[in-house]
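J.: Here is how the chains run, residue by residue.
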Amino acid sequence: MLDKKSVQAIILQALSNINDERGADEQIQICLDMRLFGTDAVLDSLSLVSVIVDVEAAISDVSGRDISLTDDRAMSQAVSPFAGVSTLTDYILLLLSEAA
Amino acid sequence: MTEVGAYAGKLALVTGSRRGVGRVIAEHFLHYGGRVVGFARGEATITHPKYAHFQVDVGDPAAVQKGFAELRKITDAVHILVNNAAVLTSQYAMIMPPAAAQAMLSTNLMGPFMVSREASKMMRKAKWGRIINIGSMAASLEPIGDSMYAACKAGLTTLTNVMAKELAPLNITCNTLAVSAIKTDMLAQLPQDKIAQVIASLPIPRFAEPDDILNVLDFLASERSSYITAQTIYLGGVN
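Here the protein sequences come in this chain order: A and B.
Per my numbering, residue 56 is the first one in the first sequence, and the count goes up by one each step.
Per my numbering, residue 47 is the first one in the second sequence, and the count goes up by one each step.
Since the hints were made in silico from the structure, they are not lab data.
As the structure is a prediction and not an experimental result, all values here were calculated from the model.
The C-beta atom is built at its ideal place from N, Cα and C for all residues, glycine as well.
Hints may contain errors.
[Claimed, not checked] Simulated restraints on C-beta separations: (1) B:137 / A:95: 51 to 59 Å; (2) B:274 / A:80: 26 to 34 Å; (3) B:242 / A:130: 27 to 35 Å; (4) B:234 / A:85: 53 to 61 Å.
[What the hints assert, rightly or not] Simulated crosslink set (DSS-like; lysine-lysine; CA at most 30 Å straight-line): (5) B:112 / A:60; (6) B:56 / B:229; (7) A:60 / B:167.
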């Protein structure tokens, strides 16, 4: 099963993919405590969608498990999985632990 | 006239590729150098070295996702998507079997949504894509007996237009090609007097020919239409 570091690496790679598609003056600062969604978030909605799609695909490729990060359960979490990289990591690990 | 090799290097996904309009479109792409992947419930009816067939019921979301998982094993790119698969039961609403209505909703509306959802993820990487949804004159003419079919096709236009907005930043266009009556197995299910009446009411009162569809399809699938999205093109003068 994927560990925390591997999941974080997948998320950071998805964020890096966003930068690949942006100009030099539009680059986002990628770090583990960055906010993905909400008031201080640096991603626009389409970029967040791209990150979600890339993360879901990468998790599926690496673990062989299909997860949904945008179903009702994700949206009803007390702390949004998309608050930041760490919350998203935790939520993915939770889903993977249940799927296993 | 379509240029020789117009679709070379392009992969087109066509749903409902076994027969009717879908088969005509799939064979057209193949003839002009494209690779084609067909999604349909039944077995392949097209044999061509550049054609791959997947038995997928587009009305079943899980089947669509499974189909795309298989598709990604043979390609990482879909350039053109033609959502053509559709089912039709024509009947007064009061006696329309609910299962038949549900089947139309699943195949004709949920199907294009799911296939577009997955295909656009693949198009996103290439920052280029063409989604062409096959609509129907029924959405505009609203014929008796076609309450659910016409509603699905009207819904398909709205689906197309919203997705066009969502996907425009990714250089993916979404348009509806709303066909008029063309001689297919689907049309043969309908009463001939009803068809004749509809044809007679059209500004251009004749059946559509394959070329009528392919001419517009070629435009919508090409680079020439890069500034055209969220549009519905009706054939035969319907509006």
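J.: Look at each hint and say if it fits the structure.
T.: Do the hints match the structure? See the list:
1. In this structure the supplied range 51 to 59 Å holds for residue 137 of chain B paired with residue 95 of chain A, their Cβ-Cβ distance being about 55 Å.
2. Between residue 274 of chain B and residue 80 of chain A, the C-beta spacing of about 30 Å keeps the proposed range 26 to 34 Å intact.
3. Restraint check, residue 242 of chain B to residue 130 of chain A: a C-beta distance of roughly 51 Å breaks the suggested window 27 to 35 Å.
4. Between residue 234 of chain B and residue 85 of chain A the C-beta distance comes to about 58 Å, which sits within the given range of 53 to 61 Å.
5. For the hint linking residue 112 of chain B to residue 60 of chain A, the alpha-carbon distance of about 29 Å falls within 30 Å, and the restraint holds.
6. Our distance criterion of 30 Å between C-alpha atoms is met by residue 56 of chain B and residue 229 of chain B, whose separation comes to about 28 Å.
7. Taking the CA atoms of residue 60 of chain A and residue 167 of chain B, the gap is near 26 Å; set against the 30 Å cutoff, the hint holds.
Comparing the model with each numbered hint stated earlier shows that hint 3 is the single one that does not hold.
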